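With the hints as extra help, turn the sequences into a complete structure.
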Amino acid sequence: MIQVALRGLAGRKLRSALTALAIVLGVAMISGTFILTDTINKGFTTIFTESYKNTSAVITARSTISSSNSGAALTGGFPASVLDQVQRLPDVAAAAGSITDTAKLVRRNGSTFTTHGAPAIAVSYQPHEERFNPLVLVAGSFPTSSSEVAIDKASADKEHYKPGDTIRVIARGPERVFTVSGIVKFGTVSSIGAATIAVFDLQTAQQLFNKVGKFDAVRVATKGNVPESKLAAEIRPLLPPTAQVRTAEAQVKQETKDVGFVGVIQKILLGFGGVALFVGAFVIFNTISITVAQRMRELATLRTIGASRRQVMLSVLGEALIVGALGALTGLFLGFGLAVGLDKLMAAIGIDLPKSATVFATRTVVVSLIVGIAITLLSALRPALRATRVPPIAAVREGADLPPGRLAFLGPPLKAIVAAAGIALLLYGFFVHGISVTQRLVAMGVGALLLFVGVALISAWLVPPLASVLGWPATKIGGSAGSLARANSIRNPGRTASTAAALMIGIALVTAVAALASGIRNTVHDTLRSTFVADYAVTSPDGFTPFAPASEKALAHVPGVIAVSGERVGDGEAFGKTVQVSGVNGDVAKVIHMDWAQGSNTTPAQLGANGAILEKTYAKNRDVGIGDPFTLQTPAGTKLYLVLKGTYVAPKGPPAFGSVIIPQRTFDRVYPQPTNLFEFVNMRGGVSDANTKALKAALTDFPDVKLQTQSQFRSNQAKFINQLLALLYVLLALSVIISLFGIVNTLVLTVFERTRELGMLRAVGMTRRQVRRMIRHESVITALIGAALGIGLGFFIAFLVTQALKKDGIGFAVPTVSVVVFVIAAIVAGLLAAILPARRAARLNVLEALQYE
Amino acid sequence: MAQTATETQRAPAAADGAVVAATDLTRRYGQGDTAVDALRGVSLQVRRGELAAVMGPSGSGKSTLMHILAGLDRATSGEVYVDGTAVGRLNDTELTRLRRKHIGFVFQFFNLLPMLTAEENIVLPLSIAGRKPDKQWLATLIGKVGLADRRTHRPAELSGGQQQRVAIARALVSQPTVVFADEPTGNLDSATSEDILRLMRDSVDTFGQTTVMVTHDPRAAAIADRILFLADGLIVRELPRSDPADVLAVMNELNAR
Chain A
17 MIQVALRGLA
27 GRKLRSALTA
37 LAIVLGVAMI
47 SGTFILTDTI
57 NKGFTTIFTE
67 SYKNTSAVIT
77 ARSTISSSNS
87 GAALTGGFPA
97 SVLDQVQRLP
107 DVAAAAGSIT
117 DTAKLVRRNG
127 STFTTHGAPA
137 IAVSYQPHEE
147 RFNPLVLVAG
157 SFPTSSSEVA
167 IDKASADKEH
177 YKPGDTIRVI
187 ARGPERVFTV
197 SGIVKFGTVS
207 SIGAATIAVF
217 DLQTAQQLFN
227 KVGKFDAVRV
237 ATKGNVPESK
247 LAAEIRPLLP
257 PTAQVRTAEA
267 QVKQETKDVG
277 FVGVIQKILL
287 GFGGVALFVG
297 AFVIFNTISI
307 TVAQRMRELA
317 TLRTIGASRR
327 QVMLSVLGEA
337 LIVGALGALT
347 GLFLGFGLAV
357 GLDKLMAAIG
367 IDLPKSATVF
377 ATRTVVVSLI
387 VGIAITLLSA
397 LRPALRATRV
407 PPIAAVREGA
417 DLPPGRLAFL
427 GPPLKAIVAA
437 AGIALLLYGF
447 FVHGISVTQR
457 LVAMGVGALL
467 LFVGVALISA
477 WLVPPLASVL
487 GWPATKIGGS
497 AGSLARANSI
507 RNPGRTASTA
517 AALMIGIALV
527 TAVAALASGI
537 RNTVHDTLRS
547 TFVADYAVTS
557 PDGFTPFAPA
567 SEKALAHVPG
577 VIAVSGERVG
587 DGEAFGKTVQ
597 VSGVNGDVAK
607 VIHMDWAQGS
617 NTTPAQLGAN
627 GAILEKTYAK
637 NRDVGIGDPF
647 TLQTPAGTKL
657 YLVLKGTYVA
667 PKGPPAFGSV
677 IIPQRTFDRV
687 YPQPTNLFEF
697 VNMRGGVSDA
707 NTKALKAALT
717 DFPDVKLQTQ
727 SQFRSNQAKF
737 INQLLALLYV
747 LLALSVIISL
757 FGIVNTLVLT
767 VFERTRELGM
777 LRAVGMTRRQ
787 VRRMIRHESV
797 ITALIGAALG
807 IGLGFFIAFL
817 VTQALKKDGI
827 GFAVPTVSVV
837 VFVIAAIVAG
847 LLAAILPARR
857 AARLNVLEAL
867 QYE
Chain B
161 MAQTATETQR
171 APAAADGAVV
181 AATDLTRRYG
191 QGDTAVDALR
201 GVSLQVRRGE
211 LAAVMGPSGS
221 GKSTLMHILA
231 GLDRATSGEV
241 YVDGTAVGRL
251 NDTELTRLRR
261 KHIGFVFQFF
271 NLLPMLTAEE
281 NIVLPLSIAG
291 RKPDKQWLAT
301 LIGKVGLADR
311 RTHRPAELSG
321 GQQQRVAIAR
331 ALVSQPTVVF
341 ADEPTGNLDS
351 ATSEDILRLM
361 RDSVDTFGQT
371 TVMVTHDPRA
381 AAIADRILFL
391 ADGLIVRELP
401 RSDPADVLAV
411 MNELNAR
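Heads up: the sequence lines are chains A and B, in that order. Adding 16 to a residue's 1-based position in the first sequence gives its number in this note's numbering. Adding 160 to a residue's 1-based position in the second sequence gives its number in this note's numbering.
Keep in mind that a hint or two might mislead.
If we take Cβ atoms under 10 angstroms as the criterion, some of the chain A residues that face chain B in the derived model are [unchecked claim]:
1. Q19
2. L22
3. R23
4. G24
5. R28
6. L30
7. Q310
8. R313
9. T317
10. L318
11. R326
12. T374
13. P407
14. P408
15. I409
16. A411
Negatives, chain B to chain A, calculated, CB over 10 angstroms [as the list claims (entries may be wrong)]:
17. R208
18. R249
19. T253
20. L318
21. D349
22. T352
23. R358
24. D392
25. L394
It is worth saying that the hints were derived from the structure and are not from the lab. Quick caveat: nothing in here was measured; it's all calculated off a predicted structure. All C-beta atoms, glycine included, are put in the ideal place defined by N, C-alpha and C.
Written out as structure tokens, the structure is:
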């Protein structure tokens, strides 16, 4: 029987290949995700491990609050005297202090490298502490004077910097010119992603970052076999409260924890892989179902010569197993290519992360193969069970139908129940309060799954009416071929329905995404328009990386400037939580519209040293009224005793401020390295070419910032929506492509099945062209049914989401243009899918087709 | 208990050497006004080593009779015994076992698996049953059906007659108690039909293969040891071995009724 299965596959190469393709892409997505995220994780781990090579224990500045940013840049280091004390410990073989901070490299065109949130790393170098140095020279030498800098290879390659060239670097304050002493790379790491590295000699680094007499880290190596933990315990009593010690292992673990977002990226990508596999499952189910129906006589013959039901089932499952295994294996290796593609895709929207050499873990192989094979087998299960119901007598009867199963009477109610259960789970996931995020996600995921399956089942009933409406143009355009196409698509509604269902899933998801995106876009645009009222805005080139505030002063001196307000940004701890803190000056209300609950546009100027502004609901929830005191703690441990002086209502959509607003002067006093998120400028005469020119001129010394007019700033701030949307579309396109294979498969099988009929049609005068046209129209009708169902479902899902997010101001909006595009895409998809089947149908030899048995 | 039951069922048929026996078979299709009685009380016995032909005009119920005898269809009333086993009472698994051991089929449209070679098709019943073909027996059989030089050909590479030879060999390979042949020459030209009929007769003579053949071709019926004529769901005439002209005469007589 295995032989029968094997030979069956060999005899149906095309359809087996198309079936396998349905699983290939989904598995490739799974395998590619694992390969990429493993490679990234390994990249990070390598960076962290090599950062502490030959190191037993690490002393770092202690951040008093849990912060997503690295403590060093925020806290301003710890006294260098720690090093001397540590060196005196008997168990210490060597110890070296270093500076770790942020310094932006300037490109030859005068702007800084865009790191998209990745760090612009600045580190110090000491010639006699080579043992702790994770960096390797590619060219030139390490910096030894205050005018030298070594830079990373990727940045050097991008801008063709060579040793001896001059390069501008922004550390604190305005840019400075350095000579490139050498090009470095980070140990064995292939890529550090979008990050850049600037290496200064130790004294230069301490001066540049206002850390004279201080260190950000001290690396310590033990003598002999002293355990790391013992060493750390010896060091601990020597440290001031601003410093902490960890074993190298613990430090690596800590830093690894900070890149947990890679795990989130992994889960999201796996989610898309899951969608692709789900769509693939539909295609496989459909193909095998049709194959079983067409092989009825063959299967019945097997029964008459003694095959048991079990054997018939196993022969169908055996075929599926082989298809699944081949598909999964192909997908596994295609994952390598897809990993590269995914990486490029993420880099295109600014997610460029470090990478080691490609990691191909055993887990990737095991999971990809198991998932691919299991999905294929599961999809084949129902057709395989149906095959067991083929009666032996079908071997001698023409056109016997499969008898309904014993549970067939349960069919119609069961279909409705599946769909209803899906909707119920979705509602639960969206609207029930007090459940965990995991529960919510599982409920929504399973709910969507059931809803899709339910609708696919029910849609067999919807096919006839949908086909007669959606097929109407075909009858007008295609003449008799079009009419036949419409009739054909209704012939086997179940088959048309499950073929269309595969496409439905993809279209439903893109429609939901498009509808949500247009809802979010509306909200964001409204907020941006009502909130950011300044004539000009200055941000870092990517729009969200904080930058040194020095440019703010330069702007203030430009003639014609009415108001300049920079918004400082930093982390702090208030009311027991880590929060974003904004530092503003008295002009802030002139550049950012504030909807005052208590206070007025003059309040920011009257904050004094310890006044603060909170969002109205935030203050209310924490029981703080005007005049009430509260505490804010900075990462360096400074406690600010603040008094609430005003409250405002934050608009729905992206917030303009952090949770706590304090005066800029106070901010600069307690944050050692203040940074701005935005700077806003109002000019006499508003936005004009002359004003733009004047401001630009004032900013030439600040290559790390970008001047934007009001409208440019607003559209830049909203750009992320389109980028995200593009990313989602690309990831979902995979599912749509898979469903295309489904349509091709069904049509190929249908043509095969109707061989005799096609021969008859040709015999009574249908031309080859008409045959092709007929197949094409049937394909387009099927695709349109998928699109109609998908768009409907997509709206439904988007509607649920927007209802759930109503309080966040995200409304439901119909993305008309997108919907039109999707419908056109579905038609094109139908036309593409029909190419091969139509050719096969038109090629039929009339005489042979008529005699075909 | 089950053993005893089988023994008692076995008794009536085994008594007079019949390997296939039917008692009072009726078969009604549909219900109420539209009901059609395909069989209206057919009893017959086929002895071991006998080639029996069932003849009749179309609609006479001959196919239905064969389907019921072979366990493909169930009688409305009456019982069929194959090798003493009451076929009508078997469940699917037992029927499968019966087919493996006792029944071979030859179809009008050959029903070969297109992806298997001639030899693979022939041994398929054995491999399905998990048995190894006896090499010598297989060689004899393939020689007998004249396919020694066609073993590795696919059905598509064989002529209709050759395909039917493969099918006959497939039916014979497991040396079943009875082979049912359903219009074995119905899809072949007359010269090829002659060949196939000679082969079938030969298999009965050489291997003592009990065979039941349904046909409406008088020349096919003429190779049978006994010819049962069916009309309107009843056996109306029985002839011993006859020549085609006699068979045709009876057929014409029946058609004229």
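Hint by hint, here is what the structure shows:
1. Q19: Holds. Min distance 7 angstroms.
2. L22: holds (9 angstroms)
3. R23: holds (4 angstroms)
4. G24: OK, holds: G24 of chain A within 10 angstroms of chain B, min 6 angstroms.
5. R28: holds (8 angstroms)
6. L30: violated (14 angstroms)
7. Q310: violated (12 angstroms)
8. R313: Hint holds; R313 of chain A Cβ to chain B Cβ min 7 angstroms, cut 10 angstroms.
9. T317: Because about 4 angstroms separates T317 of chain A from the closest Cβ in chain B, which is inside the 10 angstroms limit, the hint holds.
10. L318: With a minimum Cβ separation of about 7 angstroms from chain B (threshold 10 angstroms), the hint on L318 of chain A holds.
11. R326: holds (9 angstroms)
12. T374: It is violated, given that the least Cβ distance between T374 of chain A and chain B is near 40 angstroms, above 10 angstroms.
13. P407: holds (8 angstroms)
14. P408: Hint holds; P408 of chain A Cβ to chain B Cβ min 5 angstroms, cut 10 angstroms.
15. I409: holds (4 angstroms)
16. A411: holds (6 angstroms)
17. R208: holds (21 angstroms)
18. R249: Non-interface label stands for R249 of chain B: nearest chain A Cβ at 17 angstroms, farther than 10 angstroms.
19. T253: At about 7 angstroms from chain A, T253 of chain B fails to clear the 10 angstroms cut-off, so the statement is violated.
20. L318: holds (14 angstroms)
21. D349: It holds; D349 of chain B is separated from chain A by about 14 angstroms at its closest Cβ, greater than 10 angstroms.
22. T352: holds (17 angstroms)
23. R358: holds (24 angstroms)
24. D392: holds (21 angstroms)
25. L394: Label holds. Min Cβ-Cβ 22 angstroms, cutoff 10 angstroms.
Violated hints, in rising order: 6, 7, 12, 19; the structure is consistent with all others.
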